[in-house]
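> Sequence:
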Amino acid sequence: MVEEMLVGEEVSALCFTDGETIASMPLVQDHKRLLDGDRGPNTGGMGVVAPILHFDVAVHEQIEQICKRTVEALRKNGICYKGVLYAGLIVTEKGVRVLEYNCRFGDPETEVLMRLLNTDFYEILMACCGGTLNQLSVQWSNDYACGVVLVASGYPLSYPKGNTIKGIPDEDKQTVVFHAGTKRVNGNG
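Start counting the sequence shown at 1; every next residue gets the next number (full-length UniProt numbering).
Note that these hints are calculated values from the structure, not bench results.
Here a beta-carbon is modelled for each residue, glycine too, at the ideal position from N, C-alpha and C.
Straight-line alpha carbon distances no greater than 25 Å define the calculated DSS-like cross-link-like pairs of lysine-lysine that follow:
#1 K161 - K183
#2 K32 - K166
#3 K68 - K94
#4 K183 - K173
#5 K32 - K161
#6 K183 - K166
#7 K32 - K94
#8 K82 - K68
Label-pair distances were calculated between CB atoms; the ranges are:
#9 A58 - W140: 19 to 27 Å
#10 K68 - R104: 14 to 22 Å
#11 N77 - Q174: 38 to 46 Å
#12 M114 - R184: 16 to 24 Å
#13 C80 - D56: 32 to 40 Å
#14 P160 - A58: 45 to 53 Å
#15 N77 - E100: 17 to 25 Å
#16 G167 - N102: 31 to 39 Å
#17 M126 - P160: 41 to 49 Å
Full structure from sequences and hints, please.
Written out as structure tokens, the structure reads:
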């Protein structure tokens with residue numbers, strides 16, 4: 001195996017596809033390190049921000065082309081992939097490079113992206129399944145969204161389970177709490 005040391009800024013590029021057309025989602029940046037300042041072990045994601053707008057037009061065009069060419073290559077190889085394509089990318093001095101592909105939504109990216117989606121999610125999925133994504137204009141909010149992940153002390157290594165979660169304020173219109181690995185006990189949680 002040959003590896004290349006890549007230095008740059010990571011970004012997640014997700015798109016819907018019906019196997020022919022793609023509908024790009026806003027660029028998202030996932031912060032994987034446990035501690036501030038890009039320190040500590042890697043995690044499943046401690047926070048995420050969208051949209052990421054500070055890249056120039058050329059970078060956005062490269063990212064769009066990577067996603068389009070991926071769907072085209074799949075189709076040429078007899079795979080009509082329909083659904084979500086998630087490319088983990090790094091923007092380097094030499095251009096955009098692919099780090100990974102996933103055929104799924106990313107987490108915690110999805111929680112933030114869905115808050116920005118203005119088009120009915122069901123309509124998008126039906127267009128992907130029906131091969132009519134080119135007839136649907138997927139619309140996104142011009143707002144920004146941020147996700148912060150709360151974890152038990154010791155995560156991502158060994159950590160206690162069964163603790164009570166405290167200190168999460170009541171939700172307001174702009175705050176949504178998503179749970180994973182939690183449970184309600186006696187109506188609490």
